[in-house]
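Enquirer: If you're matching them up, the sequences are chains A and B in order.
Read in order, the letters of the first sequence correspond to residues 1 to 436 in the numbering used here.
Read in order, the letters of the second sequence correspond to residues 1 to 436 in the numbering used here.
What the hints contain is simulated information worked out from the structure, not anything from laboratory work.
You can't tell identical chains apart in this list, so a pair holds if it fits in one copy or across any two.
With a cut-off of at most 25 Å between alpha-carbon atoms, the simulated SDA-like pairs for lysine to any residue come out as follows: (1) 316 to 330; (2) 153 to 251; (3) 369 to 73; (4) 191 to 174; (5) 342 to 104; (6) 191 to 385; (7) 346 to 7; (8) 153 to 261; (9) 153 to 259; (10) 120 to 110; (11) 269 to 117; (12) 383 to 432.
Predicted, not measured: the structure shown is a model, and the values here were computed from it.
Okay, here's what each chain looks like letter by letter:
Number of protein chains: 2
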Amino acid sequence: MIETELGNLRRSHYSDDIESSMDGDQVTVMGWVLTVRGHGNISFVTITDKNGEIPIVAKKGDCPDDVREKLSSLKAHSSIAVSGKIKASEKSPKGFEIIPTDLRVFSEVEKIPPFEPLAKTVKNIDTRLEVRPIDLRRKPLQHIFNVRSQVLKSIRDYFTGQNFVEINTPKMIATATEGGAALFPIFYYNKEAFLAQSPQLYKEQLTMSFEKVFEIAPIFRAEPSRTNRHLAEAISIDLEEAFVDYNDVMSRIEEIIKISIHTVNDYAKNNKDVEFIIPEIPENIPRYSYDELIEKMQKAGAKTEWGDDLYPSNLKKIGLEGFYFIKDWPLGPKPFYVKDSKSNPKISESFDLMFGDLELSSGSTRIEKRDELEERMKNKGMKTDAFEYHLGAFDYGVPPHAGCGIGLERLIMALTGTENIRDVSFYPRDVDRLSP
Amino acid sequence: MIETELGNLRRSHYSDDIESSMDGDQVTVMGWVLTVRGHGNISFVTITDKNGEIPIVAKKGDCPDDVREKLSSLKAHSSIAVSGKIKASEKSPKGFEIIPTDLRVFSEVEKIPPFEPLAKTVKNIDTRLEVRPIDLRRKPLQHIFNVRSQVLKSIRDYFTGQNFVEINTPKMIATATEGGAALFPIFYYNKEAFLAQSPQLYKEQLTMSFEKVFEIAPIFRAEPSRTNRHLAEAISIDLEEAFVDYNDVMSRIEEIIKISIHTVNDYAKNNKDVEFIIPEIPENIPRYSYDELIEKMQKAGAKTEWGDDLYPSNLKKIGLEGFYFIKDWPLGPKPFYVKDSKSNPKISESFDLMFGDLELSSGSTRIEKRDELEERMKNKGMKTDAFEYHLGAFDYGVPPHAGCGIGLERLIMALTGTENIRDVSFYPRDVDRLSP
Numbered sequence: 001m002i003e004t005e006l007g008n009l010r011r012s013h014y015s016d017d018i019e020s021s022m023d024g025d026q027v028t029v030m031g032w033v034l035t036v037r038g039h040g041n042i043s044f045v046t047i048t049d050k051n052g053e054i055p056i057v058a059k060k061g062d063c064p065d066d067v068r069e070k071l072s073s074l075k076a077h078s079s080i081a082v083s084g085k086i087k088a089s090e091k092s093p094k095g096f097e098i099i100p101t102d103l104r105v106f107s108e109v110e111k112i113p114p115f116e117p118l119a120k121t122v123k124n125i126d127t128r129l130e131v132r133p134i135d136l137r138r139k140p141l142q143h144i145f146n147v148r149s150q151v152l153k154s155i156r157d158y159f160t161g162q163n164f165v166e167i168n169t170p171k172m173i174a175t176a177t178e179g180g181a182a183l184f185p186i187f188y189y190n191k192e193a194f195l196a197q198s199p200q201l202y203k204e205q206l207t208m209s210f211e212k213v214f215e216i217a218p219i220f221r222a223e224p225s226r227t228n229r230h231l232a233e234a235i236s237i238d239l240e241e242a243f244v245d246y247n248d249v250m251s252r253i254e255e256i257i258k259i260s261i262h263t264v265n266d267y268a269k270n271n272k273d274v275e276f277i278i279p280e281i282p283e284n285i286p287r288y289s290y291d292e293l294i295e296k297m298q299k300a301g302a303k304t305e306w307g308d309d310l311y312p313s314n315l316k317k318i319g320l321e322g323f324y325f326i327k328d329w330p331l332g333p334k335p336f337y338v339k340d341s342k343s344n345p346k347i348s349e350s351f352d353l354m355f356g357d358l359e360l361s362s363g364s365t366r367i368e369k370r371d372e373l374e375e376r377m378k379n380k381g382m383k384t385d386a387f388e389y390h391l392g393a394f395d396y397g398v399p400p401h402a403g404c405g406i407g408l409e410r411l412i413m414a415l416t417g418t419e420n421i422r423d424v425s426f427y428p429r430d431v432d433r434l435s436p
Numbered sequence: 001m002i003e004t005e006l007g008n009l010r011r012s013h014y015s016d017d018i019e020s021s022m023d024g025d026q027v028t029v030m031g032w033v034l035t036v037r038g039h040g041n042i043s044f045v046t047i048t049d050k051n052g053e054i055p056i057v058a059k060k061g062d063c064p065d066d067v068r069e070k071l072s073s074l075k076a077h078s079s080i081a082v083s084g085k086i087k088a089s090e091k092s093p094k095g096f097e098i099i100p101t102d103l104r105v106f107s108e109v110e111k112i113p114p115f116e117p118l119a120k121t122v123k124n125i126d127t128r129l130e131v132r133p134i135d136l137r138r139k140p141l142q143h144i145f146n147v148r149s150q151v152l153k154s155i156r157d158y159f160t161g162q163n164f165v166e167i168n169t170p171k172m173i174a175t176a177t178e179g180g181a182a183l184f185p186i187f188y189y190n191k192e193a194f195l196a197q198s199p200q201l202y203k204e205q206l207t208m209s210f211e212k213v214f215e216i217a218p219i220f221r222a223e224p225s226r227t228n229r230h231l232a233e234a235i236s237i238d239l240e241e242a243f244v245d246y247n248d249v250m251s252r253i254e255e256i257i258k259i260s261i262h263t264v265n266d267y268a269k270n271n272k273d274v275e276f277i278i279p280e281i282p283e284n285i286p287r288y289s290y291d292e293l294i295e296k297m298q299k300a301g302a303k304t305e306w307g308d309d310l311y312p313s314n315l316k317k318i319g320l321e322g323f324y325f326i327k328d329w330p331l332g333p334k335p336f337y338v339k340d341s342k343s344n345p346k347i348s349e350s351f352d353l354m355f356g357d358l359e360l361s362s363g364s365t366r367i368e369k370r371d372e373l374e375e376r377m378k379n380k381g382m383k384t385d386a387f388e389y390h391l392g393a394f395d396y397g398v399p400p401h402a403g404c405g406i407g408l409e410r411l412i413m414a415l416t417g418t419e420n421i422r423d424v425s426f427y428p429r430d431v432d433r434l435s436p
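Please put together the full structure from these sequences, using the hints given.
Expert: Below you can see the structure in the form of structure tokens.
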């Protein structure tokens with residue numbers, strides 16, 4: 001057996017595995033140094049691991065001198081292992097402390113980080129993003145990303161419970177899906193290609209064979225916007241389903257929202273220091289038609305007319321908040337694959353899911369017939385030739401289908417009350433930022 | 001309520017919800033036409049839905065003439081809904097048939113597809129890929145992608161059960177991770193950027209804050225290779241863990257392999273027509289050292305010496321098959337972040353997971369100290385300046401850590417006995433193929 005650098009040294013307990021009833025037990029704990037306070041012959045060190053904090057008390061006489069001296073010299077963030085004995089202690093907020101007998105310093109820190117590890121807020125987000133790996137050690141971000149991971153799990157469990165098939169569609173594509181704006185170009189060997197701004201056409205095609213499909217994957221949009229709600233690279237939760245229309249998709253989203261809020265509530269219950277602003281679980285998510293809202297806005301004195309986009313200021317004017325759908329949008333600005341309404345060709349079988357004035361999702365019934373698709377593309381001035389790889393599928397029996405994409409980052413913003421989308425993305429990308 | 005094109009028409013039962021005991025019940029089924037056979041006044045139509053097949057028997061007198069006539073005129077792949085009555089029937093392989101009373105044709109097919117929907121094999125893979133959405137209706141591919149979805153679920157369940165946090169790292173990056181070869185360049189607004197060939201540096205950084213992380217996401221490699229095992233875009237199952245070394249990672253992989261084979265076995269049990277070649281569940285996956293294998297190869301008469309790569313022909317020569325690890329590789333060719341061995345600086349704490357001569361995964365203990373990293377980079381002729389966004393993290397206490405990436409497509413090849421990697425990717429991308 002070849003000896004490794006780490007050797008046999010392993011953590012025996014996480015912070016939350018230890019309790020005062022284990023008084024006298026020998027443990028090995030590992031983590032990073034949160035605070036060091038020395039008072040002459042006694043040093044108090046707190047280390048943080050994945051699950052919480054561990055108080056270490058090194059007192060002259062109780063522990064080897066070299067261990068105590070080394071511990072007291074450590075700076076915040078250093079990565080260490082401490083072996084020692086559990087001592088029940090009423091003075092300790094955790095009910096115990098560790099009396100160290102051995103110490104291993106994996107990575108000793110000499111620099112002072114640009115902000116305190118305990119800081120709840122740091123004013124300049126760019127300062128934080130520049131040292132993102134350390135920023136992510138801060139409790140508020142730990143909670144956001146831990147709960148994000150659990151929300152993803154609960155959404156996937158919903159999909160698999162409903163017999164959806166997980167798909168992966170290509171991110172390098174030959175043609176633009178929705179018209180050509182806001183795409184990142186790539187050199188694909190000797191060809192020009194683009195990064196997919198959505199899995200739209202592929203997920204539609206896959207309803208032919210798998211009927212119910214979902215994908216949770218990155219999408220790429222060369223957004224020129226500098227706002228708190230746009231990213232150049234985001235995670236999209238896409239679903240697409242055969243033999244249903246947009247009403248069924250709205251019902252699925254309703255389920256997903258409920259499940260997600262439950263997950264966040266459970267997380268907050270288990271983590272008392274969480275400071276999320278969690279929305280109420282809606283009994284039903286109201287479904288307003290576009291027409292209805294335009295009329296309300298006009299009555300409320302907004303200068304808007306049929307065909308206009310619904311601006312945040314006008315949505316506020318009519319007091320819309322929490323989760324709600326806006327459905328039956330004018331067909332004109334909708335992408336070529338969105339189905340027009342049977343009863344009024346000027347409107348579409350489409351919806352947006354809103355949270356206040358934040359758009360979380362967009363969905364629709366899609367066209368399943370080739371001639372209708374081609375006509376819509378021509379009306380939009382698109383070249384049908386470039387889409388033959390997609391249109392060709394419609395020669396072989398595409399079922400009626402509908403679907404949506406949900407922006408994961410925006411969903412997490414809504415679920416936790418986070419204001420800047422950069423705080424729900426591990427390494428945000430925007431027009432100004434390509435690093436770290 | 002605005003009427004939609006689909007209206008109230010919904011599937012009442014999937015194929016596998018129906019059984020002969022339901023004789024006389026009214027149902028609505030939906031799917032695509034697999035076969036149509038007409039014998040004068042009687043038509044036999046089989047439709048396929050997500051879960052299986054449904055026999056429709058339209059006999060003059062038993063069902064409306066227009067329904068029977070329309071049914072008998074349909075071509076394979078057409079997308080339809082049939083409402084009718086269940087009739088128990090001993091002649092039917094399913095034990096029942098549907099006597100139609102109503103029919104709706106969603107998408108009628110006129111073209112003859114380039115291969116039969118029932119075809120088990122189609123010689124030319126390019127013929128199939130050109131019409132991939134229809135190709136994916138074939139049973140062998142249905143099974144591969146259904147089981148792929150279930151394997152993904154079982155692997156994610158393993159990770160969440162082990163308290164790993166799901167991460168998403170950026171796919172658009174400023175610098176090359178492993179040296180610069182085989183990257184796709186992008187135009188990132190007005191800057192040059194690249195598509196990430198692995199989440200390596202980001203997942204390492206995230207062990208500082210979340211300790212145990214995983215990501216299942218696309219990776220991009222501008223492989224010039226035209227083989228049955230390389231793709232330009234693939235799905236990588238990445239894990240990274242703090243306070244462990246490569247031995248622990250190999251143990252995790254062992255668990256993941258066992259769980260995955262269980263999942264495939266369960267799927268095959270529930271789907272009798274599956275023709276996978278499923279590997280045995282290994283009790284342990286053997287861990288051979290590189291040195292040991294070189295020696296064996298030399299004894300077997302192979303012309304190879306210490307420092308050479310281990311070629312497939314030589315691996316075959318010493319009879320290696322099934323799953324096995326090759327560990328303790330020479331350090332020289334390994335990326336800069338791979339830790340050298342404590343007992344021999346010429347070898348590294350690294351491993352590959354093999355299945356026969358197919359490499360499924362590569363992993364290692366990583367370096368956690370900035371000065372060691374910088375030295376390794378300089379020895380490799382890399383510019384450390386360009387990596388300051390990464391090296392900077394090492395000023396603040398990176399824990400010892402180890403991890404690996406597992407190629408999902410290759411794993412599915414191994415689990416199902418699939419020979420061409422293009423058959424385990426929905427829409428494969430390679431040096432010659434950017435479409436569909």
